[in-house]
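**Q** Sequence:
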Amino acid sequence: MSLTAFPEAGIMPRDDTEASRFVSEHPEWDGRGVTIAVLDTGVDPAAVGLQTTSDGRPKVVDIVDATGSGDVAMSASARAVAGEDGLVRLQGRTGRTLALNPEWKNPSGEWRLGVKPVIELYAGQLKGRVTAQEREDAAAASKAIVVEADACLAAWRAATGEAAADPKGVADVALRRELEELLAAQAAAKAAAAVLGKAKSETDVIDVVAWNDGSTWRAAIDSSRTGDMRSAPGLASFKEERQYATLDRTSQLSYCLNVYDDGAIVSIVCDAGSHGSHVAGIAAGHHPGSPERNGVAPGAQIVVVKIGDSRLGSMETMQGLMRGVRAVVSNKCDLINLSYGEPTAWPGSSRLIEQIQNAVGTRGVMFITSAGNAGPALSTVGAPAACSSACVAIGASVSSSMAKAGYGARRGPDQTLYSWSSRGPVMNGSLGVSVCAPGGALASVPVWNLSKAMHMNGTSMASPNACGCVALVLSAAKACGVAYTPHSIRRCLENAASHVEGLSVWGLGRGLLNVRRTWEMVLRGAERATAELQAQVEAARRHSGDEAGSSGAAVADAMGGASARGSGAAGAAGAAG
1 MSLTAFPEAG
11 IMPRDDTEAS
21 RFVSEHPEWD
31 GRGVTIAVLD
41 TGVDPAAVGL
51 QTTSDGRPKV
61 VDIVDATGSG
71 DVAMSASARA
81 VAGEDGLVRL
91 QGRTGRTLAL
101 NPEWKNPSGE
111 WRLGVKPVIE
121 LYAGQLKGRV
131 TAQEREDAAA
141 ASKAIVVEAD
151 ACLAAWRAAT
161 GEAAADPKGV
171 ADVALRRELE
181 ELLAAQAAAK
191 AAAAVLGKAK
201 SETDVIDVVA
211 WNDGSTWRAA
221 IDSSRTGDMR
231 SAPGLASFKE
241 ERQYATLDRT
251 SQLSYCLNVY
261 DDGAIVSIVC
271 DAGSHGSHVA
281 GIAAGHHPGS
291 PERNGVAPGA
301 QIVVVKIGDS
311 RLGSMETMQG
321 LMRGVRAVVS
331 NKCDLINLSY
341 GEPTAWPGSS
351 RLIEQIQNAV
361 GTRGVMFITS
371 AGNAGPALST
381 VGAPAACSSA
391 CVAIGASVSS
401 SMAKAGYGAR
411 RGPDQTLYSW
421 SSRGPVMNGS
431 LGVSVCAPGG
441 ALASVPVWNL
451 SKAMHMNGTS
461 MASPNACGCV
471 ALVLSAAKAC
481 GVAYTPHSIR
491 RCLENAASHV
501 EGLSVWGLGR
511 GLLNVRRTWE
521 MVLRGAERAT
531 AELQAQVEAA
541 RRHSGDEAGS
551 SGAAVADAMG
561 GASARGSGAA
571 GAAGAAG
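Going by full-length UniProt numbering, the residue at position 140 of the sequence shown is 140; the numbering climbs one at a time, nothing skipped.
Treat the hints with care, since some could be wrong.
Claimed, not checked - List time: in silico DSS-like cross-link candidates among lysine-lysine, alpha-carbon distance up to 25 Å: (1) K105 - K143; (2) K452 - K404; (3) K143 - K127; (4) K332 - K239; (5) K168 - K190; (6) K332 - K478; (7) K105 - K239; (8) K452 - K127.
No lab work stands behind these hints, which were simulated from the structure alone.
None of these values were measured; they are calculated from a predicted model.
Build out the structure end to end from the sequences listed, making use of the hints.
**A** In structure tokens:
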């Protein structure tokens, strides 16, 4: 039997889109100068491959919790008291006496205090692992208490010869009292065992302390849950110093802090699942010494925006999405990847869609999102992909190398779609799927998974793959001084995509994304700058009984305020069609 080499190209698929060839031909156009916003469950800054870019810059620029799930109201304040041992102490909101880190500087002497239930910081999968381990450890300790009480009672019966279960049956007064005490101790041991047998994380709360060190606000949490904060790190807001810490040895949960409103709110940012780290690893992971594991754009930096609420099982909320888009704009990101979505009965306008359109139309941000995993039926593209042409919706393709590496399939089609990849058209008349990209990968996951990487598939994986491909194109455009807009890049993506025989346009979109051909088309289109015009066209919504005027409308607005991105001349760049 002959042995063949493992299909490494299918682990992190970059060949199908010619991204790997593009980077090998232009090593400095690997995403450098491009910032990708990952709107997802949050990203573990300690995850493998998410530490630095290919040119040594920090991979993660900022981490923001847009859900508010980690917010702590620092409503109380106190002044610490120095003890005879030289340690500064104060009483926390939990009632514990907190021994503070002697290295912390607080010129004002005022400390702001808050409290947070530990269980609210855990992702669902992590919660299950930690509580199960804590119950197992607690069961052994609680069992020992009961065994000791039972042994004392048995020894007393053996020594006295008394077998009565009820003290009233013991004639001797002294022996009766001894039996009553032993039975009471046994009952108390069983009651204590019932309490100790529970996972401490389900009931534990931790103290949070914030202060101003004279130059910036800092905060710390009592991860020991004992009040001993002598070695606790005092962290500034992540964007300032890019510091993070680990909650405890059992959970291995990474966290960072953001301090808002002069210490009034401390946001403890932890990821709500593995999804976001995996997405970030596909788009921009960088593995020094293991280039085969790199993401599509290893030179790109990322801004992490947590929109998956830990309190809701990582589900997104409208408030979180709105805050997320604002965080993208404030960080001046070039690209947004949103690998979230849900079914929509009829696509329409909303404040969120308006914000997305504004970010794309006037801020020059490209919005890449997953088409959905509701295929193969037609018209299954979800929101927000189905709600606005400002979103570039990505379908999920699979190749033979991906099938071999990810699923152990000996044979497979050279290129096709995953059966579950959502199909168009959208109910408002648009195509739905823009282009397709590889929809599976072995990529980074949070440290608390106790593994470095995991294989996942979905349009959630296709979207960051496409986002990384676009980052390569934008990196090249910036390096060459080529002007562009999100709309011109989208036209090039769709016109340069590779057609796959036997696949319908409703699932494939304009084709399989091709980085090299897209860049060539961007160059050709940059030779002539054109005014950018944005039009919204919708299908009629008329049904039986509707008024005649209820049909859809076509609105066109000249985007005179939209500036071309890149270092080239002002004005939007047209694309060769």
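**Q** Does each hint fit the structure? Answer for all of them.
**A** Hint check:
1. Between K105 and K143 the CA atoms are separated by roughly 46 Å; this puts the pair beyond 25 Å, and the hint is violated.
2. With a C-alpha separation of about 21 Å, the suggested pairing of K452 with K404 holds against the 25 Å cut-off.
3. Between K143 and K127 the alpha-carbon distance is near 24 Å, which keeps this suggested pair within the 25 Å criterion.
4. Between K332 and K239 the alpha-carbon distance is near 13 Å, which keeps this suggested pair within the 25 Å criterion.
5. A distance of roughly 22 Å separates the Cα atoms of K168 and K190; the hinted pair therefore holds under the 25 Å criterion.
6. Straight-line distance between C-alpha atoms of K332 and K478 comes to about 15 Å, which keeps the hinted pair within the 25 Å bound.
7. At roughly 20 Å between alpha-carbon atoms, K105 and K239 fall within 25 Å of each other, so this suggested pair holds.
8. With a C-alpha separation of about 19 Å, the suggested pairing of K452 with K127 holds against the 25 Å cut-off.
Of the numbered hints listed earlier, the single one contradicted by the structure is hint 1.
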